[in-house]
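Trainee: This is what each chain is made of:
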Amino acid sequence: MKALVAALGALACASCSTQTPCTPGGDGTYVNALYPKLSDYCMVSIEDSQIVAEDGVVPYDETTPLFSDYATKSRTVWLPPGTSATYTSDGPFEFPVGTIVTKSFGWNDKWVETRVLVNTANGWTGSSYLWNEDQTEAVYQPGGTYVDLAFTEPDGTPVTTTYLVPNKNECIKCHEDLGTIVPIGLRADRINKDFTYPSGVTENEITHWSNLGILSGAPTPDQAPVLATFSDTTLPTETRARAYLAANCAHCHSATGEARNTGLLLADDVTNPYQFGQCKTPVATGKASSDLSFDIVPGQPDQSIMVYRMSSTTPSIMMPEIGRSLVDTEGVQVVSDWIAGLTGTCSAPAN
Amino acid sequence: MKKFAWVACPLATVWLGSACSSGPACPAGVAADECVSISAGTSSTDIEAKLTTLTGGETVVFDKGTFMMTDTITIAADNVTVIGAGIDQTIFDFSGAVGGDGEGFFAQSIQNIALEGFTVRDTLGDAVKVLGGTGVVLKNIKTLWTADDPSTHGGYGLYPVQSKDIVVEGCEATGGSDSGIYLGQSDHAVIHDNLVHDNVAGIEVENTYYAEVFSNDVHDNTAGILVFDLPGLQQLGGHDVLVHDNNVHDNNTPSFAASGDTVSLVPRGTGILVMANSNVEFKNNTVTGNLTGNSAVLSYYVTQLQIQDPNYYPFPKNVWIHDNTFSGGGTTPDLTKAIGLLLSTAQSDFPNDAVPDLLWDGMVDPTIAQQDPNNANPMNLCYSNNGSSTFVDLHIDQLNSTNSNLAQIMTQDMTAVSCTGNAVPPITFTGSDQ
Chain A
1 MKALVAALGA LACASCSTQT PCTPGGDGTY VNALYPKLSD YCMVSIEDSQ IVAEDGVVPY
61 DETTPLFSDY ATKSRTVWLP PGTSATYTSD GPFEFPVGTI VTKSFGWNDK WVETRVLVNT
121 ANGWTGSSYL WNEDQTEAVY QPGGTYVDLA FTEPDGTPVT TTYLVPNKNE CIKCHEDLGT
181 IVPIGLRADR INKDFTYPSG VTENEITHWS NLGILSGAPT PDQAPVLATF SDTTLPTETR
241 ARAYLAANCA HCHSATGEAR NTGLLLADDV TNPYQFGQCK TPVATGKASS DLSFDIVPGQ
301 PDQSIMVYRM SSTTPSIMMP EIGRSLVDTE GVQVVSDWIA GLTGTCSAPA N
Chain B
1 MKKFAWVACP LATVWLGSAC SSGPACPAGV AADECVSISA GTSSTDIEAK LTTLTGGETV
61 VFDKGTFMMT DTITIAADNV TVIGAGIDQT IFDFSGAVGG DGEGFFAQSI QNIALEGFTV
121 RDTLGDAVKV LGGTGVVLKN IKTLWTADDP STHGGYGLYP VQSKDIVVEG CEATGGSDSG
181 IYLGQSDHAV IHDNLVHDNV AGIEVENTYY AEVFSNDVHD NTAGILVFDL PGLQQLGGHD
241 VLVHDNNVHD NNTPSFAASG DTVSLVPRGT GILVMANSNV EFKNNTVTGN LTGNSAVLSY
301 YVTQLQIQDP NYYPFPKNVW IHDNTFSGGG TTPDLTKAIG LLLSTAQSDF PNDAVPDLLW
361 DGMVDPTIAQ QDPNNANPMN LCYSNNGSST FVDLHIDQLN STNSNLAQIM TQDMTAVSCT
421 GNAVPPITFT GSDQ
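Keeping their order, the protein sequence lines are chains A and B.
So the first sequence is residues 1 to 351, counted in our numbering.
So the second sequence is residues 1 to 434, counted in our numbering.
Hints in this document: simulated from the structure, not taken from any laboratory.
There's no promise every hint is true.
Estimated spans, in silico, between C-beta atoms of each pair [claimed, not checked]:
| # | chain 1 | residue 1 | chain 2 | residue 2 | range |
| --- | --- | --- | --- | --- | --- |
| 1 | A | ALA350 | B | ASP349 | 20 to 28 Å |
| 2 | A | PRO81 | B | SER151 | 56 to 64 Å |
| 3 | B | GLN408 | A | THR314 | 27 to 35 Å |
Covered, in the sense of this in silico footprint (three residues per stretch, anywhere, with C-beta under 8 Å from a C-beta of chain B), are these stretches of chain A [what the hints assert, rightly or not]:
| # | stretch |
| --- | --- |
| 4 | 137–150 |
| 5 | 256–263 |
| 6 | 276–284 |
| 7 | 304–316 |
Computed, partial: chain B to chain A, Cβ under 8 Å [what the hints assert, rightly or not]:
| # | residue |
| --- | --- |
| 8 | GLY96 |
| 9 | ALA97 |
| 10 | THR174 |
| 11 | ASP178 |
| 12 | LEU265 |
Every residue, glycine too, gets a C-beta built ideally from N, C-alpha and C.
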């Protein structure tokens with residue numbers, strides 16, 4: 001009924017900003033069972049092809065986001081009234097039960113899916129909601145699906161691809177911290193940046209969250225860590241490359257993530273070159289190593305498994321394993337440039 | 001406005017709970033509300049949607065038939081059993097998979113998973129992978145690839161990694177471009193009564209503590225059974241591996257691993273191999289017709305790779321190989337691999353021109369040798385009761401650019417290593433932390 005009212009409203013008033021009033025969190029039962037429709041959460045809606053956060057829901061973004069086939073992304077966080085997250089300088093903040101995080105993915109002014117991460121009494125749980133043609137509602141899609149996309153890449157290249165909406169059981173692949181699901185981007189170094197809020201005010205996100213009372217214990221932004229901004233082309237290549245690897249790889253390639261068995265660690269604060277792949281032989285890579293012997297060969301991006309796998313779109317070879325179907329040419333270029341500038345040699349294996 | 005094309009798959013009915021009526025029957029003793037029955041013809045998306053409803057403790061029963069999968073089958077709940085109608089009866093075919101990680105079955109950081117009675121065919125990547133599981137049973141599963149070019153096959157058939165309390169039993173693993181059964185960085189595992197053939201490596205036990213590998217038929221792989229330790233991983237120092245009563249024969253298939261894959265260093269025609277592991281016992285195995293060599297005990301130095309992990313121990317130590325039957329090995333070493341080529345240079349110096357059944361690279365940990373300079377067998381490598389088998393100590397530490405004549409350097413006198421070694425106890429799962 002609610003959806004019908006919303007749909008009629010949209011029909012009658014296609015471009016004005018009238019919304020059906022709703023209460024973030026709905027009736028609160030989402031901490032026990034996922035809502036069947038995205039609108040039940042009252043986090044976001046679509047107006048004029050834009051994701052709009054409901055009142056009290058805080059939009060945010062990250063210094064360096066994950067590459068997802070050039071998707072436009074819109075993120076929000078909401079905490080139950082009167083609660084706050086606890087700041088930590090390392091890893092995701094500690095959020096109270098009831099916290100709802102959303103991330104919407106769209107192309108060409110059309111939104112495809114909104115992923116919802118809910119902190120329940122039993123920990124975080126993720127799910128995806130698929131937007132309808134009319135962009136009026138998104139419905140829970142537990143089994144995942146494939147969506148054919150046709151759009152134009154930033155450099156003007158037209159592209160068609162098949163985008164994978166993950167199934168619910170796949171959330172842990174990226175969101176794992178030794179068996180539990182955790183948020184990835186809700187951490188100091190990722191949100192330590194300015195953001196222009198719907199009110200028109202531009203403010204550092206850590207400051208803004210502290211002022212709103214949804215984040216406690218945070219220092220001033222200059223005292224908090226920051227992940228470099230990959231898109232800032234004035235930064236040194238190494239800084240950009242390590243930021244890129246941190247944002248695109250380190251959620252798995254950490255001591256507690258899904259790729260922990262590989263021994264390859266790609267957070268930006270890893271200082272041991274062997275641990276971030278230099279002259280490191282692959283372990284369980286199988287044929288994805290192709291004819292290459294090391295993750296990174298200093299000075300030789302085209303001899304480095306890292307570049308080979310970032311440049312692939314073949315499942316089982318491509319890295320990251322999921323989340324993209326296209327090659328991020330700019331990411332590959334910057335990582336390649338960084339490797340090209342590294343020095344040293346790797347001893348060749350016996351064959 | 002740029003063009004936007006959008007075709008979403010139809011949202012099919014998702015069955016919840018105990019709707020067993022139109023699918024296969026639930027096993028006896030499984031309550032209806034803990035049974036998820038999946039009938040023949042159910043789509044990949046619907047299967048995945050059903051599996052997202054698991055909350056723990058369910059038994060998922062698949063009908064007889066071929067399920068055409070487009071994405072990985074992911075299990076994310078504890079205490080789940082998945083049962084098919086048997087090998088070649090229930091078949092999961094991944095030849096049409098279009099996205100994801102390319103795996104067949106995948107479970108991550110779960111307690112107690114049992115997968116039983118089905119075939120997994122033509123995955124782009126690994127067929128069955130369990131990462132960080134405690135209590136893993138893989139039983140009566142067949143993994144295979146059908147493409148003519150084996151180098152296009154996925155890497156691993158059955159692949160428990162960083163897991164504990166594992167049983168791999170009654171499976172058939174064939175065609176893997178890395179390994180049929182690959183146990184990595186795990187703790188307490190039993191691999192028995194499996195048929196493992198036509199992979200690059202048959203069975204690999206890597207960086208693992210407490211494993212027992214027995215009564216497997218391992219043939220026509222590039223290499224049969226490998227027990228080894230590699231650097232740079234979270235779990236180092238593989239130890240306590242008991243390998244017994246296996247039939248390891250004719251593992252002479254030319255390697256089809258990618259040349260960058262570590263397993264590609266292994267020559268075709270390798271029977272059993274121990275590298276850089278401690279406390280390994282090989283007994284009562286029949287090892288025959290492996291044409292580079294029936295057995296080898298090696299240090300990591302044979303890879304000629306630089307060791308950059310300060311916590312890594314590159315030597316094999318406390319290895320006992322006894323009461324095995326060896327025959328027909330070593331007649332034609334793999335000349336495409338460094339060690340095969342090296343062995344071939346001394347071939348006419350070996351009995352019957354065949355690489356000896358018992359081969360040791362002769363590398364000795366200098367620290368141990370220094371502490372105990374009078375010990376003729378500082379690595380405690382022992383061979384006993386291996387019939388008429390032959391032996392060589394390659395002394396590769398003495399091979400260098402000025403003296404590369406293996407025939408002059410090696411020794412075939414096994415006095416120092418003819419001894420009774422340390423037994424490795426069989427695996428028990430009760431009180432598993434030893």
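Trainee: Against this structure, judge whether each hint is valid.
Mentor: Each hint, compared with the structure:
1. Here the CB-CB span from ALA350 of chain A to ASP349 of chain B is close to 22 Å, well matched to the stated 20 to 28 Å.
2. Look at PRO81 of chain A against SER151 of chain B: about 59 Å separates their beta carbons, and that is inside 56 to 64 Å.
3. With their beta carbons about 49 Å apart, GLN408 of chain B and THR314 of chain A fall outside the hinted range of 27 to 35 Å.
4. Only when three residues or more bring their CB closer than 8 Å to a CB of chain B does the claim for the stretch 137–150 of chain A stand; here the count is 11, and the claim holds.
5. Here's how the stretch 256–263 of chain A fares: 5 of its residues keep a CB closer than 8 Å to some CB of chain B, so the rule of at least three is met and the hint holds.
6. Residues of the stretch 276–284 of chain A lying with their CB closer than 8 Å to a CB of chain B number 6, which satisfies the three-residue condition for coverage.
7. Residues of the stretch 304–316 of chain A lying with their CB closer than 8 Å to a CB of chain B number 4, which satisfies the three-residue condition for coverage.
8. Checking GLY96 of chain B against chain A by beta carbon gives a least distance of about 11 Å; that is not within 8 Å, so the hint is violated.
9. Taking 8 Å as the C-beta contact cut-off toward chain A, the hint placing ALA97 of chain B at the interface holds, the least distance being around 7 Å.
10. Given the 8 Å rule on beta carbons, the hint for THR174 of chain B is violated: about 16 Å separates it from the nearest Cβ of chain A.
11. Below 8 Å, beta-carbon pairs count as interface contacts, and ASP178 of chain B has one with chain A at about 4 Å; its hint therefore holds.
12. Taking 8 Å as the C-beta contact cut-off toward chain A, the hint placing LEU265 of chain B at the interface holds, the least distance being around 6 Å.
When held up to the earlier numbered hints, the structure conflicts with 3, 8, 10 and fits the remainder.
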